[in-house]
Structures are given as structure tokens and as C-alpha cells.
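> This is what each chain is made of:
Number of protein chains: 2
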Amino acid sequence: MVLYIIGLGLHDEKDVTVRGLELIKSSSNVFLEAYTSILSVGKERLESFYGRNDIVIADRDFVECHAEEIYVPAKDGDVSFLVVGDPVCATTHSDIMIRAREAGVKVELVHNASAMGAAGCCGLQLYNFGQTISIPYFDDNWKPTSFYPKIKYNRLGGMHTLCLLDIKVKEPDFEAMKRGKIVYLPPRFMSVNVAAEQLIESEEIRKGKAYNPQSTLCVGLARLGQPDQCIIAGTLEELKEQDFGAPLHCVIICGEVHDMELEALRPYLIEGSKCVVDAEGSLFDREALEQNDDK
Amino acid sequence: MVLYIIGLGLHDEKDVTVRGLELIKSSSNVFLEAYTSILSVGKERLESFYGRNDIVIADRDFVECHAEEIYVPAKDGDVSFLVVGDPVCATTHSDIMIRAREAGVKVELVHNASAMGAAGCCGLQLYNFGQTISIPYFDDNWKPTSFYPKIKYNRLGGMHTLCLLDIKVKEPDFEAMKRGKIVYLPPRFMSVNVAAEQLIESEEIRKGKAYNPQSTLCVGLARLGQPDQCIIAGTLEELKEQDFGAPLHCVIICGEVHDMELEALRPYLIEGSKCVVDAEGSLFDREALEQNDDK
Chain E
1 MVLYIIGLGL HDEKDVTVRG LELIKSSSNV FLEAYTSILS VGKERLESFY GRNDIVIADR
61 DFVECHAEEI YVPAKDGDVS FLVVGDPVCA TTHSDIMIRA REAGVKVELV HNASAMGAAG
121 CCGLQLYNFG QTISIPYFDD NWKPTSFYPK IKYNRLGGMH TLCLLDIKVK EPDFEAMKRG
181 KIVYLPPRFM SVNVAAEQLI ESEEIRKGKA YNPQSTLCVG LARLGQPDQC IIAGTLEELK
241 EQDFGAPLHC VIICGEVHDM ELEALRPYLI EGSKCVVDAE GSLFDREALE QNDDK
Chain P
1 MVLYIIGLGL HDEKDVTVRG LELIKSSSNV FLEAYTSILS VGKERLESFY GRNDIVIADR
61 DFVECHAEEI YVPAKDGDVS FLVVGDPVCA TTHSDIMIRA REAGVKVELV HNASAMGAAG
121 CCGLQLYNFG QTISIPYFDD NWKPTSFYPK IKYNRLGGMH TLCLLDIKVK EPDFEAMKRG
181 KIVYLPPRFM SVNVAAEQLI ESEEIRKGKA YNPQSTLCVG LARLGQPDQC IIAGTLEELK
241 EQDFGAPLHC VIICGEVHDM ELEALRPYLI EGSKCVVDAE GSLFDREALE QNDDK
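Just so you know, the sequences run in chain order E and P.
The opening residue of the first sequence carries number 1 in the UniProt record's numbering; numbering runs sequentially from there.
The opening residue of the second sequence carries number 1 in the UniProt record's numbering; numbering runs sequentially from there.
In short, the hints are calculated from the structure, not lab data.
Some hints could be false.
The list treats identical chains as one, so a pair stands whether inside a single copy or across any two.
What the hints assert, rightly or not - Cut-off 27 Å, straight-line C-alpha distance, at most; resulting in silico cross-link-like pairs (DSS-like, lysine-lysine):
#, residue 1, residue 2
1, Lys14, Lys168
2, Lys25, Lys14
3, Lys43, Lys14
4, Lys178, Lys75
5, Lys75, Lys25
6, Lys207, Lys143
7, Lys168, Lys178
8, Lys181, Lys14
9, Lys168, Lys143
10, Lys240, Lys274
Generate coordinates for the entire structure from the input sequences, incorporating the hints supplied.
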């Protein structure tokens with residue numbers, strides 16, 4: 001018996017692979033991981049398409065504290081654990097895989113599209129991406145910018161940086177809890193606009209010239225892999241003012257942009273954008289970046 | 001009418017998404033890109049699964065020199081252009097997309113799994129990968145090592161490097177051509193073994209200590225996303241001697257390996273491997289790497 005960790009892709013119920021669909025239909029138990037990403041459709045639509053009405057939603061607490069409820073049943077029958085995107089891309093489910101294998105349960109992955117791959121649809125070559133960063137929500141007291149030196153290192157090496165944006169699902173409402181009630185806040189998905197503002201603020205805090213909010217080419221992407229996906233390229237100051245619509249959003253901070261990339265990206269560039277084009281014609285200002293190389 | 005560029009995933013005819021399958025069935029024309037990667041099944045199996053017997057193989061010459069034969073028909077009816085993996089990951093089909101759009105043809109992508117995402121199945125976090133490199137076949141006169149400084153830059157930043165390995169499909173046989181015949185050599189797919197040898201040779205040529213063939217942790221991967229995929233971790237000297245079986249293969253040169261990564265990777269590690277574990281317990285020898293920082 002096997003624990004199948006099955007990627008659902010990025011859009012709707014039809015993004016599952018044929019192999020994944022067959023496994024879901026024939027599994028004894030089906031769990032849906034529902035806290036690190038979202039599809040454009042809900043559980044009911046998936047259930048109707050899969051022809052079963054017993055999908056169990058697995059939130060963060062369930063996966064992190066009760067993972068055995070997912071993999072132990074795989075000793076007696078096949079279990080499908082469904083995740084948006086790919087099982088090992090943006091969110092890696094290493095922990096449940098390790099624990100399942102330690103318990104003697106065979107684990108198999110069914111891969112699918114992920115945001116980390118689909119980001120290449122804007123015309124930038126995935127080859128040229130450096131390490132991926134995550135941008136958490138800032139608040140008045142907590143503005144963690146540990147991603148900042150990673151962007152700088154990527155850019156000094158000419159590489160693009162994919163920024164995944166914070167998702168808050170089923171966050172406890174601490175005010176209500178003080179009154180003895182368990183209440184969850186509505187889900188929040190960081191927009192390109194908020195990410196751009198926080199990136200601008202991070203540059204003000206760090207002052208390392210990792211990027212220039214007025215001139216570095218960036219790309220805002222929304223609903224990657226969905227029919228109404230939205231791609232807009234421009235500076236952070238420009239992207240901050242654009243409307244990207246519904247979640248999920250992500251941002252790319254460009255490094256060195258090659259000719260073919262620029263050609264593929266051009267249709268998405270804001271008209272009259274103030275992106276800097278350097279002497280060689282590429283959208284990359286090495287001189288500005290190296291002026292202050294304190295990583 | 002639309003040109004759909006449809007990812008087929010990594011294994012067989014059932015790795016297509018349900019959406020992709022519907023589009024293939026309803027398209028007027030179907031082309032299969034057959035020179036940058038391979039599935040474990042051939043055209044006949046795909047045709048039988050799709051219920052159509054008219055798939056046209058598009059080799060490199062066809063896609064690069066006669067792309068209009070693919071996208072012009074999309075003015076009159078939907079066209080599916082099938083690619084192994086994802087349309088914009090390991091191989092980007094930017095050129096045909098740009099040309100199709102210039103010709104007024106609408107282009108849509110159907111994403112899928114790619115080697116660049118599936119490589120995360122070995123336990124290394126995709127977040128921590130830097131730029132991807134390609135290793136071409138060396139011969140006696142031509143040993144291009146332009147990938148070498150990229151590995152070094154990735155590793156100095158603590159990042160892993162995914163190495164995609166050369167594929168030679170439909171290469172002309174120059175000896176036969178001298179005799180006036182057009183003959184193609186049998187296809188060649190670089191193995192982990194050849195890649196490891198060439199990486200060892202590259203270190204001897206460049207002498208930059210980007211990695212140490214005797215101590216740097218690397219991972220060899222074969223047939224990613226297929227039921228018989230093979231993952232073995234060890235040094236380049238060790239991987240060179242392992243048997244990975246049928247293609248496709250790729251290699252990862254590790255940067256800094258975090259605890260969770262090491263735990264997930266451990267089942268694949270060669271027993272008694274000579275990988276260096278540094279003072280903090282991680283498989284990353286920063287001291288050796290920085291001794292000779294001439295990138």
C-alpha cells in the first residue's frame with residue numbers, strides 16, 4: 001500500500017494528471033492540503049470531478065501535528081494526499097515523507113506544474129533564476145528582511161529572484177482568544193502591491209542597493225497557470241500602483257535580462273516604464289549594483 | 001483559434017493533465033517536439049491513448065527552421081504543440097511563442113511537471129537552488145567549461161546547482177555525409193557517469209576549487225518522475241562508478257545542506273561515502289571553497 005503525494009497543478013480540477021486522477025479515484029482515503037496554496041476551485045468541485053464525497057481537508061495543524069492520521073492508513077490501503085502545485089516545489093512536504101518512510105510506508109510522488117516552473121511563462125528563462133525567497137507580511141513591530149541579501153547575491157550573479165508571497169490561512173484571532181473564543185481570521189494572500197511596498201521598505205531599511213525601486217525591472221504575476229493570469233513588468237514603484245486582481249500573486253526581481261528574454265517579456269512591460277536599460281541594451285544596471293557591494 | 005503548448009510531464013502517456021488531454025483530442029493538428037527530452041513511451045503509445053493517429057514529429061530542424069508550419073495552422077483551427085516536461089522549464093520555447101504572437105496567433109500554455117521541479121524529490125529544497133547549468137559532451141578538441149563559474153557562484157552563496165545533461169538526437173553523421181549520404185547518428189543521452197567524469201575534468205582544467213570531486217556531496221538522478229527512478233548521493237568520484245540505468249539523467253552539485261535536507265537525502269547516500277561533513281554537521285565545506293575565491 002502506498003501514500004501518494006499528488007500535485008494538483010495551479011488552476012482547477014482538470015489540472016490533475018490522468019495518472020493522478022486514477023490514483024485519487026482508487027485510493028481508500030483522500031486528504032487535501034489546504035494551507036500553503038489554493039486552486040481556483042473548492043473542495044466540492046474536486047469531489048464532484050473525482051466522483052467521491054469524502055475528501056478530508058488537512059490544515060497546517062493537521063499536517064504538522066497529526067501527520068500519522070494521513071500516513072498510517074496507508075498501511076492498509078492506498079492514500080492520496082493532494083497538494084496544490086507540485087509535491088516538492090514551492091512547499092516541500094519533506095517532513096510527512098520522512099515520517100511515513102520511517103513508519104514503513106511506501107511514498108510515491110505524482111509531479112505536476114508549480115509556480116516555480118510556471119513563472120517562466122513571462123519570458124524569463126528559468127535557468128537564470130537564483131535562490132527563491134519568501135516575503136512575509138510586515139507589521140508595525142516585525143519587519144523581517146532576511147530575504148534581502150539573497151536578492152542581492154542573486155542579482156550580483158546576474159540571476160533573477162522569484163519572490164513567493166505570504167499566505168495566512170486559518171490564523172487565530174488573538175483578540176477573540178483572549179475572550180476565550182477560538183476564532184480564525186479571514187484568509188489573507190499577499191498582493192504584488194503589498195510585496196512591492198515591502199520590498200521598497202526593505203531597501204530603505206537595509207540600504208544595500210540590492211535593487212532600485214525606481215529603475216530595476218521587476219515582474220508581477222497573478223493567478224499563474226489560470227486562464228485569466230496577469231503579468232505586468234515594470235519597476236517596483238510602478239508595480240505598486242497596478243491592479244493584479246484575485247490571488248495568488250508572486251513577484252520576480254530581474255537580474256541580467258538577455259535579449260531573447262527581453263523580447264519575450266516586452267508585451268508585458270508598462271508603457272513608458274522607467275526601467276533602466278544599460279549600455280549593452282539589457283535591463284540590468286550592474287554599475288549601480290556594484291557601487292555598494294556589501295551584500 | 002489557439003496554439004496550445006502542452007507539457008506532457010516526465011513519464012508516460014498518463015502524465016498529461018486532464019485539461020491537456022481534452023485539448024489534444026479536440027485540436028485540428030498535433031505536433032510532438034522530439035529533440036530536447038524524451039518520455040518513456042513513443043509516439044504510437046501517445047497516439048493510441050489520445051485516440052488519434054496523426055501526430056507529427058517536430059525535430060529541431062522543423063521547430064527552428066519551419067516553426068510557421070506549426071503556428072500558421074492555428075489561424076484556422078486549434079493546434080497542440082506537445083513538449084516533454086513543462087513548456088517553459090528546462091527548454092523554453094520562447095522563439096516559437098514570440099513568432100506565433102507576432103503572426104497574430106494566440107498562444108496558451110498548459111503547464112506540467114518538469115525535471116527542474118521534480119529534482120526536489122531527492123530531499124533538497126528547490127528554494128535553495130541557484131542557476132541551472134547544462135553540461136555538453138566533451139570531445140578531444142572541445143571541452144567547454146563555461147558552466148564552471150556558475151557552479152562556483154552558486155556554491156559560494158550556499159546554493160545547489162542542477163546540471164542538465166547533453167542530449168544528442170538526430171545528429172548528422174559527418175563521415176557518411178562526406179560520402180554524399182544523409183545519415184544520422186544514434187541518439188545519445190549523457191549519463192551521470194560521463195557527467196561526473198567531465199565535472200572532474202573541468203575542475204582539473206579550471207583549478208578554481210568550485211567543488212571537490214573527493215568530498216563535495218552530489219546527487220545523481222535518473223528517470224525522474226518515472227516509477228523506476230534512481231537517486232544516488234555521494235561524491236563525484238563515487239557517482240562515476242554507480243549504475244543509473246536508462247536515460248534521462250541529471251546531476252545536482254550540493255551547496256549548503258540543511259538538516260531537514262540531509263535527513264530526507266540520507267536514504268540515497270552511498271554507504272561509507274566520503275562526503276565531507278563540516279563543523280556544524282552540514283555537508284558543506286565552506287572553508288575549502290573560500291580558500292580559492294577567484295570565481
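> Now tell me if each hint is right for this structure.
So, going through the hints one by one against the coordinates:
For the identical chains of this complex, Lys14 and Lys168 are intra-copy neighbours only, at 26 Å inside a copy versus 34 Å across copies, given an alpha-carbon limit of 27 Å. In the homo-oligomer, the alpha carbons of Lys25 and Lys14 lie at most 27 Å apart both inside one protomer (14 Å) and across protomers (14 Å), since each shortest distance falls under that limit. For the identical chains of this complex, Lys43 and Lys14 are neighbours both inside a copy (13 Å) and across copies (23 Å), given an alpha-carbon limit of 27 Å. In this assembly of identical chains, Lys178 and Lys75 lie within 27 Å of each other by CA distance neither inside one copy nor across copies; the values are 41 Å within and 63 Å between.
For the homomeric pair Lys75 and Lys25, the shortest alpha-carbon distance inside one copy (18 Å) is at most 27 Å, but the shortest distance between copies (38 Å) is not. With identical chains, the CA atoms of Lys207 and Lys143 are at most 27 Å apart within one copy only, with a shortest distance of 15 Å there and 42 Å across copies. Taking CA atoms no more than 27 Å apart as the test, Lys168 paired with Lys178 passes inside one copy only; the shortest distance there is 20 Å, against 66 Å between copies. Taking CA atoms no more than 27 Å apart as the test, Lys181 paired with Lys14 passes in neither setting, with 39 Å inside one copy and 48 Å between copies.
For the identical chains of this complex, Lys168 and Lys143 are intra-copy neighbours only, at 16 Å inside a copy versus 50 Å across copies, given an alpha-carbon limit of 27 Å. For the homomeric pair Lys240 and Lys274, the shortest alpha-carbon distance inside one copy (14 Å) is at most 27 Å, but the shortest distance between copies (50 Å) is not.
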